[in-house]
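Construct the complete structure from the given sequences, taking the supplied hints into account.
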Amino acid sequence: MNKSSDIVLEVKDLGVSFEDQEAIGKIDLSVARGEFIAILGPSGCGKSTLLNVLSGLLPPTRGTVSVEGRRMYGPESEAPHVGYVFQEHRLLPWRSVKKNLELVLAASSVSRQLWDDKINDILEILHISRYKDSWPLRLSGGERQRVSIARALLVEPSYVMMDEPFSTLDELTARTLRQELIDIWQRTGATIVFVTHSIREATFLADRIIFLTRGPANVDDSYSVPIGRPRDYEDPRIGQVEAEIVKRVLGVWELEKT
Amino acid sequence: MVVWIILSIIVRPWIPTPVDTVIAMYRALGSGEFYQDLLLTLWRVLSAFAGATVVGSVLGILVGLSRRADAFFRPLLSIGLAVPDPVYIIFTILALGIGEQAGFVALTIAITPFVTNIVRSSVQARDLTLDEMVQVYRIPFWEAFWANLVPQLVPALLTAVRNSFALSWKLVVVVEALGQPEGLGAAIFQSFRLLRMREMLALAILFTILMELIERGALGRLERRLLRWRA
Ligand SMILES: Nc1ncnc2c1ncn2[C@@H]1O[C@H](COP(=O)(O)OP(=O)(O)OP(=O)(O)O)[C@@H](O)[C@H]1O
Ligand SMILES: [Mg+2]
Numbered sequence: 001m002n003k004s005s006d007i008v009l010e011v012k013d014l015g016v017s018f019e020d021q022e023a024i025g026k027i028d029l030s031v032a033r034g035e036f037i038a039i040l041g042p043s044g045c046g047k048s049t050l051l052n053v054l055s056g057l058l059p060p061t062r063g064t065v066s067v068e069g070r071r072m073y074g075p076e077s078e079a080p081h082v083g084y085v086f087q088e089h090r091l092l093p094w095r096s097v098k099k100n101l102e103l104v105l106a107a108s109s110v111s112r113q114l115w116d117d118k119i120n121d122i123l124e125i126l127h128i129s130r131y132k133d134s135w136p137l138r139l140s141g142g143e144r145q146r147v148s149i150a151r152a153l154l155v156e157p158s159y160v161m162m163d164e165p166f167s168t169l170d171e172l173t174a175r176t177l178r179q180e181l182i183d184i185w186q187r188t189g190a191t192i193v194f195v196t197h198s199i200r201e202a203t204f205l206a207d208r209i210i211f212l213t214r215g216p217a218n219v220d221d222s223y224s225v226p227i228g229r230p231r232d233y234e235d236p237r238i239g240q241v242e243a244e245i246v247k248r249v250l251g252v253w254e255l256e257k258t
Numbered sequence: 259m260v261v262w263i264i265l266s267i268i269v270r271p272w273i274p275t276p277v278d279t280v281i282a283m284y285r286a287l288g289s290g291e292f293y294q295d296l297l298l299t300l301w302r303v304l305s306a307f308a309g310a311t312v313v314g315s316v317l318g319i320l321v322g323l324s325r326r327a328d329a330f331f332r333p334l335l336s337i338g339l340a341v342p343d344p345v346y347i348i349f350t351i352l353a354l355g356i357g358e359q360a361g362f363v364a365l366t367i368a369i370t371p372f373v374t375n376i377v378r379s380s381v382q383a384r385d386l387t388l389d390e391m392v393q394v395y396r397i398p399f400w401e402a403f404w405a406n407l408v409p410q411l412v413p414a415l416l417t418a419v420r421n422s423f424a425l426s427w428k429l430v431v432v433v434e435a436l437g438q439p440e441g442l443g444a445a446i447f448q449s450f451r452l453l454r455m456r457e458m459l460a461l462a463i464l465f466t467i468l469m470e471l472i473e474r475g476a477l478g479r480l481e482r483r484l485l486r487w488r489a
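Just so you know, the sequences run in chain order A and B.
Under our numbering, the first residue of the first sequence carries the number 1, and numbering increases by one thereafter.
Under our numbering, the first residue of the second sequence carries the number 259, and numbering increases by one thereafter.
Heads up, some of the hints might be wrong.
To be verified - Just a sample of chain A residues kept apart from chain B, beta carbon distances all over 12 angstroms, derived: (1) S17; (2) F18; (3) E22; (4) R62; (5) G69; (6) L114; (7) I119; (8) I125; (9) H127; (10) G189; (11) H197; (12) R208; (13) D220; (14) E244; (15) G251.
As the list claims (entries may be wrong) - Listing some non-contacts, in silico: residues in chain A with all C-beta distances to chain B over 12 angstroms: (16) D6; (17) E76; (18) D121; (19) S167; (20) D170; (21) I184; (22) P236; (23) Q240; (24) E254.
Stated by the list, open to error - No more than 25 angstroms apart at the CA atoms, straight line, and that leaves these computed lysine to aspartate or glutamate pairs for DMTMM-like: (25) A:K98 <-> B:D385; (26) A:K99 <-> B:D385; (27) A:K99 <-> B:D389; (28) A:K132 <-> B:D389; (29) A:K118 <-> B:E401.
No lab work stands behind these hints, which were simulated from the structure alone.
Quick caveat, the model's predicted, so the values are computed rather than measured.
Even glycine gets a Cβ: it sits at the ideal position worked out from N, Cα and C.
Structure (structure tokens):
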């Protein structure tokens, strides 16, 4: 259990600007292996932009991103393997669930003999084995998001990013999936960077919460959630922590406006 | 039908009655010449249609993906679309003579801009969020091309295929009438010159029916198969 010394993701002095508009001011961040961190910030502060940088889609204007000790976006540096659960499922609707998973496996470093077992295992864990050969559009929103989570975990990623993955689901489905996400995270030991603007969701899920200021984002604070696991979504302690966070965050988010 | 019967009575020698036409159709179906012409024409339709579909798809994808190709081809494309088809046909025949290639080239050139245009706009309207997904998971270019881009173009390609097929079988008649000694279009034109209206109409109707059958049957089936993933 030497977590703190095993840093998977390190972001230093990160800045992103679009043309003349600044989207990210300055972000420093480091994530340990197996950690579940939530990134919390008001709408439009640059959360998705941050994930785009971390996923290899968007070279930053300033600063560095290192994954497992290697520079991302450096000259001749290879992009790391990462998983990304988008707000929408982003499955290819003309491929069955299995074929969608095989597509990303083919581009990963997982050897072909292991594919079938890995696919069966992950679908089993996510309770969607029976949809293995279904078309994605035949599934419900929650089931599609499960497939999307399966896809992200399958590629043996350095870390998995999630951008408000449950925000389009109904509350009951979202709750079930949050609970299951925690179970899967504990079973697989994955490192997760979870973006949300729901304080309760962040409190329930994360080891640590990173607060971003109103855009252009700066890291305002990092906060370790002082509640042991397993947690209960209705636990009054979560309510307390939530109220506490609301108090300190609202000050910053509101004040920044003026 | 009623209009036809009335017209055939009024404009007597020039518009044949339905009965006469059916008899002529029957006779045509019994003659070997008809099948020879038909086969030749069918071959021309299919080869020009295939040529235009392939060339148009490739061009359309290129223009849709690359801004530079778009800047270069866009003006050509709008000219290509604006020129009336018979003009192409006449010019190609003038340029290449009335050989077998001339017909093929003329048809292909006339149809390609349509296909290119449909494919281009579909490429540009593709789902960019899927492009991001493909990039995050580091899917290699050609893999992503076949797994992500091409399936998104299927509806447009089917439309293009439909249109280019319909266009090519209509234009082939013109091409053959203008520049080819054999084929169904030539036969129709021949009947026209000899004022054999019955035969002309019979051939035209038979040809139309056949093409409609191909279009509905083969293309319809293809469409159902390719789009079966839709919820
Ligand atoms: N490609 C782009 N070009 C120009 N500006 C952009 C681009 N992408 C994002 N922005 C701007 O950057 C800022 C941050 O956007 P971003 O999508 O990262 O916010 P967010 O925190 O994810 O918001 P939300 O909570 O609503 O999802 C916004 O002001 C947005 O308009
Ligand atoms: Mg966002």
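We went through each hint and held it up to the structure:
no. : hint              : in the structure
1   : S17               : holds (20 angstroms)
2   : F18               : holds (16 angstroms)
3   : E22               : holds (22 angstroms)
4   : R62               : holds (22 angstroms)
5   : G69               : holds (19 angstroms)
6   : L114              : holds (17 angstroms)
7   : I119              : holds (15 angstroms)
8   : I125              : holds (20 angstroms)
9   : H127              : holds (21 angstroms)
10  : G189              : holds (21 angstroms)
11  : H197              : holds (20 angstroms)
12  : R208              : holds (24 angstroms)
13  : D220              : holds (27 angstroms)
14  : E244              : holds (35 angstroms)
15  : G251              : holds (35 angstroms)
16  : D6                : holds (24 angstroms)
17  : E76               : holds (16 angstroms)
18  : D121              : holds (19 angstroms)
19  : S167              : holds (15 angstroms)
20  : D170              : holds (19 angstroms)
21  : I184              : holds (19 angstroms)
22  : P236              : holds (39 angstroms)
23  : Q240              : holds (37 angstroms)
24  : E254              : holds (32 angstroms)
25  : A:K98 <-> B:D385  : holds (21 angstroms)
26  : A:K99 <-> B:D385  : holds (19 angstroms)
27  : A:K99 <-> B:D389  : holds (17 angstroms)
28  : A:K132 <-> B:D389 : holds (23 angstroms)
29  : A:K118 <-> B:E401 : holds (22 angstroms)
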